[in-house]
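Asker: The chain contents come next:
There are 2 protein chains.
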Amino acid sequence: MTRRRTVLGAASLGIAGVAIGAVAGDMASDSPSVAAASTSDPVAFHGEHQAGIVTPAQDRLHFASFDVITKKRSDLVDLMKDWTNAARRMTAGRDAGQYGATGGPGEAPPDDTGEALGLPPAGLTLTIGFGGTLFRTADGVDRFGLADRRPAALADIPRLPGDALEAAISGGDICVQACSYDPQVAVHAIRNLARIGFGKVTIRWSQLGFGRTSSTSTTQATPRNLMGFKDGTRNLKAEDGKVLAEQLWVQPGDGAAWMTGGSYVVTRRIRMHIETWDRTSLDEQEQIIGRHKGNGAPLGKRAEFDEPDLAAKDMAEDAHVRLAHPDSHGGAQLLRRGYNFVDGSDGLGRLNAGLFFIAYQRDAHKQFVPVQRLLAQKDTLNEYIKHTSSGLFACPPGVRDDKDYWGSALFA
Amino acid sequence: MTRRRTVLGAASLGIAGVAIGAVAGDMASDSPSVAAASTSDPVAFHGEHQAGIVTPAQDRLHFASFDVITKKRSDLVDLMKDWTNAARRMTAGRDAGQYGATGGPGEAPPDDTGEALGLPPAGLTLTIGFGGTLFRTADGVDRFGLADRRPAALADIPRLPGDALEAAISGGDICVQACSYDPQVAVHAIRNLARIGFGKVTIRWSQLGFGRTSSTSTTQATPRNLMGFKDGTRNLKAEDGKVLAEQLWVQPGDGAAWMTGGSYVVTRRIRMHIETWDRTSLDEQEQIIGRHKGNGAPLGKRAEFDEPDLAAKDMAEDAHVRLAHPDSHGGAQLLRRGYNFVDGSDGLGRLNAGLFFIAYQRDAHKQFVPVQRLLAQKDTLNEYIKHTSSGLFACPPGVRDDKDYWGSALFA
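Protein sequences, first through last, are from chains A and B.
Numbering-wise, the numbering used here puts 752 at position 76 of the first sequence, and it's gapless, one number per residue.
Numbering-wise, the numbering used here puts 903 at position 227 of the second sequence, and it's gapless, one number per residue.
Derived from the structure by calculation, the hints contain no laboratory data.
Each hint should be verified, as a subset may be incorrect.
Stated by the list, open to error - Okay, derived cross-link-like pairs now, DMTMM-like style, lysine to aspartate or glutamate, Cα gap no bigger than 20 Å in a straight line:
#1 B:Lys748 / B:Asp824
#2 B:Lys757 / B:Asp743
#3 B:Lys757 / B:Asp1077
#4 A:Lys876 / B:Glu951
#5 A:Lys977 / A:Asp994
#6 B:Lys876 / A:Asp1022
#7 A:Lys876 / B:Asp1022
#8 B:Lys876 / B:Asp818
#9 A:Lys757 / A:Asp1077
#10 A:Lys1042 / A:Asp832
#11 B:Lys747 / B:Asp815
#12 B:Lys876 / A:Glu951
None of the values given here were measured: they were computed from a predicted structure.
Let the hints inform the model, and build the full structure from the sequences given.
Answerer: Okay, here's the thing in structure tokens:
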């Protein structure tokens, strides 16, 4: 019996894992998806910031939003401790609990569900965030005694033009983003957190993503979204140094002290009308985006990373690249970490497909909201997309060591 | 501009691809999912049989069922020719059409959607099947003049005990199974076939699978399903020689001559109540399955591939491994090729997760139907699963050469 995934995983993968890592580096410039899929190593769980934000974006996603059903603060705190222990183990490639899927007393349910037995850590990161509803006072009751700790930056996102949000797949009390190079590892992690949380939380909504649509490191090639264009060329990246302090990480004095070193994540499920897009001419597609489809260069430029000329005549007034450019928003930038999705079909003969947008930032009300308001008003791309879900979560700083837990400063 | 994916893919991946292939072989015994994900090479499209059946099961799936909306037989035949050309190109790692996503006249829509630009072939296979409704005579009209060519083996699957089938995600006129080591490549293929079929077909339903749950070759390790158990240990495999002629491939004299060399595929979307399963004791889980969870050995045996002792006292009367064993069905076997899925959540606080069962065989009415009838009546596993969709499709023999097309013998 294999009580720990690492016993099997590390032993059998040792040399092969190193060889693959080396090869993946060579391939990274042209084949982001397959190259990255070779990465089997773990990502460190402890740190100043949570992993899964500037960590080079892994290929696969399982994102879950939970509703808290217990009414007891102590249950919630216990769950955070239990989840942190499980996350610490799983990101290291181990079972979710001490006895694993096949150990312990046989008359007890296993404390791991087993589908990741034998799989390597596969770059798993687990990133937690707290939604505004967790801090809510309703009918005079402060759900968990957190009402006065809600950061101003966690105010609800205002309704934006064109929003077609479905409440059932929006919001939530707690989110967990699981990213990995192996979807089975990401699914296993969310499923085991849900199992551990039985009776305290239920899954409100959940989203799988099969292909990353952004690079979060200069070591990664820019991938393509389901419009066929390179996406996230100008994304904030791990190597951006002090810009990350300006744009990504909550700083001392920003408001709620427990969020210092954290970040705010916005999620938007963006359904694409890909069948309509696919009948649009290449010229029009490129005008709408403002980039060449082949190599991703801004219109009128030659290479992907050339600076767009926003004054150029061949760049349409409402080109996406112009509207989304930091110069159109007082320098506001986002660290995007989105994924392509296909959720089957829509019953009307079309694929239910699009982009699950994920963006981290220091203050969504100063970054995502103004950017999206302008896009929602002017972007021609709106003819081809629809925002069907929305979430805003406060992601606390990293777990420092074995004694720390997710949200410890919030509950202290 | 990259008109052909192979120009970029092959050139940049050459040496790296070989290195990864070698490493993947070393890893196969312990890490089926990640090891296989390294495979970037193409799978041959032409052959006696369609690829994607005994091809070693790739890690990722996009399965689509189409309704034919044109009423003209000539449209349908033209579509089969166009689809075959596109499939031939895409499985070789090329764009879906001559001008790709970024070539040709800019005032025309691209003839590839672009999201797979720069990705290698990634083992893509595309496998087509024809549903019984394509051969239907309704209100005295023979839809496509095929009524007298419907094989007896393509008779509708009878209603089975416990079926909870949803019509909207069952059946269909034509299915295409896309398997690949890169989900973006599989999604791209289905999406481009849908694009090419605009006005002639619409997508009836579509299913993504993130992790294979069977091995179809002795070179592959047995993967785990979402119950955490190794699945498909006794599966029919590519190396089974003459057993494949008995159990998998339609033989001369089996009925409709156009199906000789083909196979019948049954699909069943099996929702798992994983939350209930996760609260079941390890002992009970192992009794229900009839195998040890850790190494997959039959109860009372030591190793995964040991023959189960169906007479043993420690094997429950209704253990899954006993009920599904060929000895319980006059030797009937299946080539299973299923995938794990998570389709978000179900609105009741649970993951909408399970197994998308795919099985190929010579005659579903002599193989799948009696096996499933017994399982549906007696298997304790039924407390934890629900069949929500069903499909049966006749998969014709392989495309022989550049002039041949999918279903040519049917339409001849």
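Asker: Could you run down the list of hints and mark each one as holding or not?
Answerer: Structure-based check of all given hints:
| no. | hint | in the structure |
| --- | --- | --- |
| 1 | B:Lys748 / B:Asp824 | 17 Å, holds |
| 2 | B:Lys757 / B:Asp743 | 17 Å, holds |
| 3 | B:Lys757 / B:Asp1077 | 12 Å, holds |
| 4 | A:Lys876 / B:Glu951 | 14 Å, holds |
| 5 | A:Lys977 / A:Asp994 | 18 Å, holds |
| 6 | B:Lys876 / A:Asp1022 | 18 Å, holds |
| 7 | A:Lys876 / B:Asp1022 | 18 Å, holds |
| 8 | B:Lys876 / B:Asp818 | 17 Å, holds |
| 9 | A:Lys757 / A:Asp1077 | 12 Å, holds |
| 10 | A:Lys1042 / A:Asp832 | 13 Å, holds |
| 11 | B:Lys747 / B:Asp815 | 14 Å, holds |
| 12 | B:Lys876 / A:Glu951 | 14 Å, holds |
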